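**Q** Next come the chains, spelled out residue by residue.
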Amino acid sequence: MISSKLPKMFYGGDYNPEQWDEATHQEDLRMFKLAGIDIATLNVFSWALIQPDEVTYNFEQLDQLINNLYESGIYTCLATSTAAHPAWMAKKYPDVLRVDADGRKRKFGGRHNSCPNSPTYRKYSEAIADKLAERYKDHPGILVWHVSNEYGGDCYCENCEAAFRVWLKKRYGTIDQVNKAWNTNFWGHTFYDWDEIVLPSNLSEHWGDNNSTFQGISLDYSRFNSDSILDCYLLEYNAIKKHIPNSVVTTNLMGFFKQLDYFKWAKHMDIVSWDSYPGLTTPVSFTAMAHDLMRGLKDGQPFMLMEQTPSQQNWQAYNSLKRPNVMRLWSYQSVAHGADTVMFFQLRRSVGACEKFHGAVIEHVGHENTRVFREVSQLGQELQQLGDRTLDATVESKVAILFDWENWWAVEKSSGPTVSLNYVEQVHKYYASFFRRNVQVDIISVDSDLSKYDLVVAPVLYMVKPGYAAKLEEFVQNGGTFVTTFFSGIVNETDLVTLGGYPGELRKLLGIWAEEIDALHPEHRNKIVMKDSLGKLNGSYECGMLCDLLHSEGADVIAEYGEDFYQGMPVITRNTFGKGEAWYIGSDPEDSFIDGLLEQITADKGIQPVLDTPAGVEASARYKDGKQFIFVMNHNAETESYDLKGLEAHDLLTDTRLSGSVDIEGRGVQILEVNKA
Amino acid sequence: MISSKLPKMFYGGDYNPEQWDEATHQEDLRMFKLAGIDIATLNVFSWALIQPDEVTYNFEQLDQLINNLYESGIYTCLATSTAAHPAWMAKKYPDVLRVDADGRKRKFGGRHNSCPNSPTYRKYSEAIADKLAERYKDHPGILVWHVSNEYGGDCYCENCEAAFRVWLKKRYGTIDQVNKAWNTNFWGHTFYDWDEIVLPSNLSEHWGDNNSTFQGISLDYSRFNSDSILDCYLLEYNAIKKHIPNSVVTTNLMGFFKQLDYFKWAKHMDIVSWDSYPGLTTPVSFTAMAHDLMRGLKDGQPFMLMEQTPSQQNWQAYNSLKRPNVMRLWSYQSVAHGADTVMFFQLRRSVGACEKFHGAVIEHVGHENTRVFREVSQLGQELQQLGDRTLDATVESKVAILFDWENWWAVEKSSGPTVSLNYVEQVHKYYASFFRRNVQVDIISVDSDLSKYDLVVAPVLYMVKPGYAAKLEEFVQNGGTFVTTFFSGIVNETDLVTLGGYPGELRKLLGIWAEEIDALHPEHRNKIVMKDSLGKLNGSYECGMLCDLLHSEGADVIAEYGEDFYQGMPVITRNTFGKGEAWYIGSDPEDSFIDGLLEQITADKGIQPVLDTPAGVEASARYKDGKQFIFVMNHNAETESYDLKGLEAHDLLTDTRLSGSVDIEGRGVQILEVNKA
Amino acid sequence: MISSKLPKMFYGGDYNPEQWDEATHQEDLRMFKLAGIDIATLNVFSWALIQPDEVTYNFEQLDQLINNLYESGIYTCLATSTAAHPAWMAKKYPDVLRVDADGRKRKFGGRHNSCPNSPTYRKYSEAIADKLAERYKDHPGILVWHVSNEYGGDCYCENCEAAFRVWLKKRYGTIDQVNKAWNTNFWGHTFYDWDEIVLPSNLSEHWGDNNSTFQGISLDYSRFNSDSILDCYLLEYNAIKKHIPNSVVTTNLMGFFKQLDYFKWAKHMDIVSWDSYPGLTTPVSFTAMAHDLMRGLKDGQPFMLMEQTPSQQNWQAYNSLKRPNVMRLWSYQSVAHGADTVMFFQLRRSVGACEKFHGAVIEHVGHENTRVFREVSQLGQELQQLGDRTLDATVESKVAILFDWENWWAVEKSSGPTVSLNYVEQVHKYYASFFRRNVQVDIISVDSDLSKYDLVVAPVLYMVKPGYAAKLEEFVQNGGTFVTTFFSGIVNETDLVTLGGYPGELRKLLGIWAEEIDALHPEHRNKIVMKDSLGKLNGSYECGMLCDLLHSEGADVIAEYGEDFYQGMPVITRNTFGKGEAWYIGSDPEDSFIDGLLEQITADKGIQPVLDTPAGVEASARYKDGKQFIFVMNHNAETESYDLKGLEAHDLLTDTRLSGSVDIEGRGVQILEVNKA
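Protein chains in written order, with UniProt numbering: chain L, 1 to 677; chain Z, 1 to 677; chain F, 1 to 677.
Here chain L stands alone, though its shape is the one from the complex:
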């Protein structure tokens, strides 16, 4: 863990001195000191600069930069520069250029532009990582290795097509197994030879954003593409490790980024790092969920906040300024959810090209007398005062929400029953309900151990992987509570339907059979009518989108449909299974229903909120050495108050003791240290 290397959270960000002259570098060092900056990410996009041809490498400027920073007390997060290949390489070795989903060979330009199966790209990206590691293996200023940058994209070139066939052979063994997995007797797709298989693209099986004629092929392509890019990462990772076995190596992730199966990736990262860019309309609960996902990638291990903007973005439609104190508030929100660094994109704002209107610690005006710089400096000082008290602290949750990339891919490539279904939105609906009540949540993968949780929620668990139904059964058998929804238990891992009645492998656990699935027009709604009151729930609630026509096969019917020809059929059921319970939510409810249901279920399980706070005031906790650190964060613009209810707390930011009713100013933050109960 890098966090143990310094007595405080690292504070800094992306730094592109290659765009500036020496005098500016000196001025930067002066201002970094003012701002309390102690880490800088170098070399993110310098490949073309440091490698002007196949055989030449120029590291002199980089040596100088790393040394200068180190002499000023600033560590380097050293990027390998492979997120954009040099122009000379594209010209000489066109295989580095991608082919897009429309079959168009790309030309040099942009970034994230390298084919992951290009022999040239693999050779030279591995080589530069090797050269860098060899050169800087003993430099005391290098703290973290940052492979490439924001990996993503896809390619449909001939090298990828050939690699896909190899990947399939490894996965399935025989062409007959492929035919079976993809149900190729549908629409006459029977394959006799591996070479008959082509990549699914807009020239073959795909059209529009999310449409495929063969979901199985598309799903395997998504897996293959994620794996291909992961292979590129691993080449560089191993090249670094060869020289520096105990180096800390990461690559910056992007939260709910659809193309890459980050749970699989995280197994190969020493620490997770990610770039957080909420838009103007992103709910704060969504940002929190993304942080929790990042923490969940390595089972709760703290992560690096690798990038956030000090104020403005440039690639949104409308790039509003972060209002005063919002940058600080969101920085602490990341820490509350597991970050052990606070870092920015970028330290100095570019003078030209497409990110020149992206905010930076040092703005175009070039001096420190700006609102943005003042806010950055104040936070820098605060973090120095905070020291190492929260470093390496963990989050403790009794509630887990399951998230699965392959399920995401499969749900949204589905042809029918509705275009309205968005997997991440559904996950967020349940997450947001816990968030509103300050109930701590872990985001887990299908590989995670369930035994430490009291409650597992798996919205839209469409794909049930081998063994997972049994794992859930064991969890419930042993007393756990499981909640799932409509459009669950439908297919296996190759997107073949589990026959014999929905929800397939979950049918026994849930004690129900879904005979039909109705899809509603957006303006068409149905009702959830409670059979009896349950906690705060009584009367009726709106639902819609999809409506399962359910039959109980042992489950208690908690609520029924209120309208349409399936009025009176079950919509909400609870099945007692062993020592636990399994809930099924057969349609998409309004938020108040989810709130009432989860409040009741958590109450039953004795799961407590971190604190009771007014709406818009978040409380999230980390634990360390027997102490609890409650981060109270007021996302509202006005002062709010909450009651500590007998808790004695110490606010680390103001060094004051608090008890009873506490005020927190608009966009304010408090870090309450309390002895763990």
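Don't read these hints as lab results, they were simulated from the structure.
Everything numeric in this text was worked out from a predicted model, so none of it was measured.
Accuracy of the hints is not assured; some may be wrong.
Put simply, identical chains are the same to the list, so a pair is met inside one copy or across any two.
Claimed, not checked - Quick list of in silico lysine-lysine cross-link-like pairs, DSSO-like style, CA-CA up to 27 Å:
#1 K91 / K105
#2 K471 / K398
#3 K579 / K527
#4 K169 / K92
#5 K527 / K452
#6 K105 / K92
#7 K465 / K8
#8 K624 / K105
#9 K180 / K465
#10 K471 / K8
#11 K180 / K92
#12 K605 / K137
#13 K579 / K105
#14 K241 / K627
#15 K242 / K131
#16 K92 / K531
#17 K131 / K429
#18 K123 / K241
#19 K137 / K627
#20 K91 / K169
#21 K471 / K33
#22 K258 / K527
Once you have looked at the hints, place chains Z and F on chain L.
**A** For chains Z and F alone, kept in the frame of chain L given last:
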């Protein structure tokens, strides 16, 4: 006619046993019997399976399937499997792959993926039809031959380009005639050599969905493409006929499908069959019109309903369930309009790929205890009871609506005067008015005999083909009533304007001159002001979209514009011509005006509705052996009643006698047998 | 100047006799005479006709046409026909075909279809211009040479790519200068060799309509593309001049046409001509501004109205008729703003292809008894009566609005801060305010002399070119008033930010510093709160889109923000600089604020409106020989009145004297001759 081969309407649908194992096949047979199924469409997408390479054919499984079905009393509708070529063929002979309108060579994938001018596709599709016909020519279980499946699409490859030039040479003889037909002196398009002509695509004359710089070229491409695909059909048709001269051969059409000129196609089909997939918002009058079009393709001959879904679709945005009894209601609607079979896509629901969420008679649960299966079985039993009473019965109409594919292509490729003009919508506006009053309508082509009709309506008869104006004049001269609208009589069959004043060749018949055509913004409206009352019409009505600035040249002015600078100019005219009348509707009226006008015109001609029924209750009739069968269909959810007004009727479905006021339950159907007046 | 060659404004338009037979030509001549037509544009799209292969030219028909027209008293505006290459050329020399921004090689079709860097196109287009000039150099009927037609479009082929490198070498000299100009150290774009540079397209740096990863590359491509097409024009221009040094050569422009830098082009045109096609919703002020731009291209020299439609267009979504008298009204509006000809597209309406629904002087009906022909004839007679009185008259303005094509390209390729910013809309907002008060405006370029103006307005002067800040400082120093807005002074001519604080080079002149730029969601608004009243301005006004967070550095604060965290910061400032003033408008205000501000500023400078008129009545003036000609134009449908306030005027159209209160009918026009004050 296949309908004479069995004592009842065939009942069944698409069956894909190649996706299932032997045990499932046995279970299928059991359930088919339960459902009263007696026809199954086999082999629709099995090409890759039955022909693994250029020279090998494996028919053993198909033999077995046909035999098993036949032994269970189920006939086979045998498809030729050519709607999706095998992957090995695409790999070995890339000429089978299409080039799309953006010039992109397709790769293997999807279906309907073969270039219609591919030598390879033509060779092997003809060959498999030949092989199948040879093998099964004496099999008593084969009832119908189903060539390919839902033909469609277009191709812009070099083979198509070469074939287009041959097609043009045949049509025009000389390059000078082409230059004249396309008015190539506009925009410097003069051609000197056939090889200078390229296909109109998004790389040459087209952009967006409906835009062309040269309408004449585009129109000929549409004709050519329809003909090219028809050639493919004919190769298979003839291969089958070579072995089985008295076979019944069809291909399944798709109603108002723009790309193929079905009137031309139907000349080469032994029976018309089609796939009916109304969407959630499709008006029932539109479905009725599509059935009438299908019946009209072969001048009133009954057709096969080849596909409909038992309940759910998968390719709509929101795939709602068919509400209880709706499948039965819509099945009878097709019969009322001329269907002699009721068939489904599909008999067993797929386990994987893009149609796994499309409904089926046997759902994923696999047993018969489902709402869908019960409804299917009940209809199956009902059809057995109904027997052959309505088989081969005809529809008798005194009203015809003209529909012309080439006119459709031409109207919608027009550059100006408005993007709002939709030919099929305009046709439906007039059809729907007759439908609301249960007036029987035939949809006819320009080749149809007009003498059997009292009233011919030709909305937006933009293109007047050689001799058609004279044909209309003769019809009216002899006492017929003709109704047409704005944007009629504008061009000849190569989209060249008929000079000398709109409506061109129809000017004499209509007794008017349209000096200008105003195009209105959607929110801009004008008024139709009646000069005198006419039947129920009086006062004023809204109109819009296009407004012809008319001068009467002998026609009576029935109504004038109420607004704008052409206030007081004629908008509705009636011209007495010989013994008949020719009406012109110079703008796009609100429905109530069309209702009033058509009610008056039909009353004048003594044309009677089948029955008077409340809104939402349809009555449509078929005739046979001196008997009338009135299908009364309540499209509303609630019970309605209507008055038989002295008619004595026998409801075939309940075997009860009816007279006077009759109730019909929500979504109910009655088939009233009455002696023909 | 061609206008001195005839005693009246030329009246006529595009004529395509090659689409018609000899009899029609004779009828045309008869009708042209009726309409008072004395100029016809010939040969616009006849290349394929007059040059059937590489070596053959057939001019006989053209000879005949020119002679016939001339003998009928009609001059020829002779087009060179190069706006659409022949099909034989595309077949034999594919290099004439463009490659589009998606990398797709075009096929023959459409028009404007030639690659500007095609050696073949350059060779043959120059050759035909040469042949035409040689043949007709002594023909007395040729009045103007019309090179090509409506130049535009772009190409991304290999020839263009090679030419781009040559163009860059010429502009920058070394690859290092290119790297610096484009800031290529951003995203690893460092170039070592010219051949590494590729065109920016959707395959490299671009996506969507206005997005680029490298603004500097995109900007240079826009310059290069405009220059490449200009080179094509110049080849033809010089070929004509070689034979006829004193010929009048033009090409028809298109107003605010983004792709071509018309200020640069106009330097090479003997007279500006343009095609005016306002849409149904185009404000009349926008048309006026376009005319003023065209007049401004050659510093106030009168221009040709080369095309307008007599009534209807065909390529709009809804092609409404021009209401009665609107064609006349808009014709005079063009004259009022500097036109010395009134010309139509087209004289006879095409019979086929995509413009057959575009209006013409002679409609499809073919005779003169149409509303459109009557209006054309009446205007023709009126222009004959008007004679030469307004010919060559100039417009005199004390107000200039700066317009710059390169700024337009740069502003709208910007990534951030908002997608709402539209440069031409912003320019129009200020123009429209002057227009509403009949204040004469010149549209000027960065090369224009400022000393003759009292007020210069430069909305969104994002790019400040070398020396321009000094030029503005000198203007204000000497007493001028300068007004600019938010998002000004940001970058230099290669789109690199001017460091040290916005508005960069304008900071000293404006006396302010913009610390941050907030971008607002469209529904989010702020307020401009006046510190004191200023003329009619007091209280508060709405503003939005972008909000500069300003600090005064000497400027007077006229108004402050009323909301948000920057409430109380300056939004409107005025800086006294030498003898003049420089205003800054820090956000996008509602129109009433702009009206109040500009009214006050013009009043301060003693700038008077041409006349005071009611809303919708435009008054614009031209001056000649000591006389003022005030064009009063009522754009409303109803009669309006205005007061001449002591002015004695003579209406040239009715030959009546006017004074005091004057009525003007709906869509009426008066040309008031008054002695210049």
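**Q** Under the constraints set out in the numbered hints, which ones does this structure not fulfil?
**A** 3, 5, 7, 8, 10, 12, 13, 14, 16, 17, 19, 21 and 22
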